[in-house]
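Chains A and B, in that order, are what the protein sequence lines are.
Every letter in the first sequence is one number past the one before it in our numbering, and letter 175, counting from 1, is 175.
Every letter in the second sequence is one number past the one before it in our numbering, and letter 79, counting from 1, is 1079.
Hints in this document: simulated from the structure, not taken from any laboratory.
Please note: incorrect hints may appear among the correct ones.
Ranges of calculated distance between the beta carbons of each label pair, as one might list FRET restraints [claimed, not checked]: (1) ALA1221/B - GLY190/A: 51 to 59 Å; (2) ALA1222/B - ASP65/A: 34 to 42 Å; (3) SER172/A - ILE1201/B: 42 to 50 Å; (4) VAL133/A - GLU1192/B: 55 to 63 Å; (5) GLU12/A - VAL1175/B: 14 to 22 Å; (6) LYS1206/B - ALA210/A: 45 to 53 Å; (7) VAL1248/B - LYS314/A: 19 to 27 Å; (8) THR163/A - ALA1052/B: 51 to 59 Å; (9) SER1213/B - SER42/A: 24 to 32 Å; (10) SER1213/B - ARG191/A: 47 to 55 Å; (11) ALA1222/B - LYS83/A: 24 to 32 Å; (12) LYS1239/B - ASP300/A: 30 to 38 Å; (13) GLU186/A - GLU1192/B: 23 to 31 Å.
As the structure is a prediction and not an experimental result, all values here were calculated from the model.
For glycine and all other residues, C-beta sits at the position ideal for the given N, C-alpha and C.
What follows is the residue order along each chain.
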Amino acid sequence: MAEVLVLVDHAEGTPKKVAYELLTLARELGTPSAVVLGAGASAAADRLAAYGAETVYVSEAEELDGYLAGPKASVLAQLVADKSPAAVLLPSNAEGKEVAARLAVKTGSGLITDAVGVTPDLTAEQPIFGGSVVVQSRVAAGTPVITVRANSTAPTEAPASGTVEQVSATFSDADRAARVVDHVVEDKGGRPDLGDASIVVSGGRGVGAAEGFGIIEQLADTLGAAVGASRAATDAGWYPHQNQVGQTGRTVSPQLYIAAGISGAIQHRAGMQTSKTIVAINKDPEAPIFELADFGLVGDLFTVVPQLTEQIAKRKG
Amino acid sequence: MNIVVLVKQVPDTWAERKLSDSDKTLDRASVDVVMNEIDEYAVEEALRLKEAATASGGEASVTILTMGPERAVETIRKALSMGADKAVHLTDPALAGSDALQTSYALAQVLSTLEYDLVIAGSEATDSRMSIMTALLAERTGQPQLSGARKVTASMEGTAGTVRIERQTENGYDVVEASTPALVSVVEKINEPRYPSFKGIMAAKKKPLTTLSIADAGIDAAQVGLASAPSQVASFATKPPRSAGQVVKDEGDGGVKIVEFLAAQKLV
Ligand SMILES: Cc1cc2nc3c(=O)[nH]c(=O)nc-3n(C[C@H](O)[C@H](O)[C@H](O)COP(=O)(O)OP(=O)(O)OC[C@H]3O[C@@H](n4cnc5c(N)ncnc54)[C@H](O)[C@@H]3O)c2cc1C
Ligand SMILES: Nc1ncnc2c1ncn2[C@@H]1O[C@H](COP(=O)(O)O)[C@@H](O)[C@H]1O
């Protein structure tokens, strides 16, 4: 079976959950090969082998972290030329999409973003217009380059050899054109990443103040969830910008999305409306968020959220 | 400093959006259209960079570039009435149904005929939601891509400039720097777009607008349009709109009610 390349999203060699999801999906399409790029890459091999990576291509060239998408796309383009894979799968986050875009141009291939499923004949399923239309698309040119949303496939283990192969990449001047001169990491307090989490608890203007996010975090921690926020909350400085969910924040599609004190503006919906189950807590019965909630509770989040946390903790014993 | 702003006309996100049954492309005819919201921030940022450059004695201009059907001219007028100096409208029946890769090819062809130090785009079009245009154009032009900016600073020494942005990452932010000419995309945190003034609206009517066909722009007809698109929609299905579920009022046991729901769904 032909190789299917999977670009691994990782932090210093620790793969994100989406990497295991993509490898699980790739097993349906061919023989999965993981591609791990950047600092710490070599450390990821064993974990990726556990999820079916027959080969793990590794490069820790400095350029891979020092510049935006260009260098990563160059490594992938070289692998596409050398290995003639059946397809390349990438995570559908900001970086994954940009790498995919550049790779598609470099290899003269068609590109599909935001897939939630790919069938063995490489037809991708994409929700568009906020999930109201589902499209089946195919790539008609080159090597299909497909970005896949997190939480689209349930990751399952399937041990494979995970043979590590170092790739020696060459980079062009264009790859080195946009230099990262400062990389600032803001503390997340050990919670799961928004893109990975199967549960997200978000707070909005209704939370009232930075301190108000305390009860949101407690609920999230009881559920093992990530914390999100509306733009109103990030703009007010109550919660970090990186946690913004929406059109210009992160797009999430977890199993469960809980919105507390969020009205449900169209730009917020754009980032969460393909969540499997949506629960909303809002004191205004007319809030538009109730139009898409599977379960809506009209009430004051300051009493409902702590009670919810307590009830869940009780169930968990 | 010469700035080109990429502005797209899109269906209003509040309107119902459909794919047409015949060719499975976005049905642009039957809906209300507006300027892609984030592109207003891109226009605003260009105007601010121009104002900063002229305030310090430099010269600057802002050119709007749009690829889209004839009616996209309404969106171009809006950008001109905000204060842009001139516009280029690439419009040709042969472009209909082009996918993102083909659009980037066509826009890159037009860009190659313009003189610019910066190209500014929005971070995402609300119809495609792909967020890849600057990456595609960077690959085609060989120029640096600085995407997702929440802050932009640019300085010119004669014709050589430096642009620096701050961009949100998943766990903090990066500062990214490049030499001009460069391609920047912006997010909504960057500024507050101005409303066109009455004077601006009147002035816009007299501003230069160049309309280009694909032949004018040197675009190869075989590389654009639905028939040759590198990605093709095979089929589509309309899902019933997400219907509202149960809505209950808190009677002092709201948390309990939610847990009951979650338990029934096997979510806790
Ligand atoms: C170009 C552009 C991009 C944007 N991108 C994003 C984006 O990425 N993400 C995003 O979220 N927004 C985005 N926005 C902003 C968006 O339009 C809304 O302004 C924002 O989502 C509103 O946030 P909110 O729901 O928290 O606040 P509000 O709309 O003010 O709603 C607050 C809600 O809290 C409820 N409430 C108040 N107190 C309580 C209480 N004690 N208990 C329970 N409920 C309570 C109220 O009834 C109300 O419904 C964008 C806007 C623009 C123009
Ligand atoms: N047809 C077009 N004409 C002009 N600009 C465009 C066009 N398509 C996309 N853009 C620009 O690219 C940005 C991102 O679009 P996208 O990558 O499609 O989400 C938009 O905000 C616009 O600035």
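Taking the hints in turn, this is what the structure says about them:
1. ALA1221/B - GLY190/A: 51 to 59 Å: Once the Cβ atoms are compared, 55 Å apart, the range 51 to 59 Å for GLY190/A and ALA1221/B holds.
2. ALA1222/B - ASP65/A: 34 to 42 Å: About 39 Å separates the Cβ atoms of ALA1222/B and ASP65/A, which means 34 to 42 Å holds.
3. SER172/A - ILE1201/B: 42 to 50 Å: holds, 46 Å
4. VAL133/A - GLU1192/B: 55 to 63 Å: violated, 33 Å
5. GLU12/A - VAL1175/B: 14 to 22 Å: The hint (14 to 22 Å, Cβ to Cβ) holds, given that GLU12/A and VAL1175/B are roughly 20 Å apart.
6. LYS1206/B - ALA210/A: 45 to 53 Å: Holds: the Cβ-Cβ distance is about 50 Å, inside 45 to 53 Å.
7. VAL1248/B - LYS314/A: 19 to 27 Å: holds, 20 Å
8. THR163/A - ALA1052/B: 51 to 59 Å: With Cβ atoms ~55 Å apart, the hint holds.
9. SER1213/B - SER42/A: 24 to 32 Å: violated, 53 Å
10. SER1213/B - ARG191/A: 47 to 55 Å: holds, 53 Å
11. ALA1222/B - LYS83/A: 24 to 32 Å: holds, 29 Å
12. LYS1239/B - ASP300/A: 30 to 38 Å: Holds, at about 33 Å.
13. GLU186/A - GLU1192/B: 23 to 31 Å: holds, 24 Å
When the structure is compared with the earlier hints, violations turn up for hints 4, 9 and for no others.
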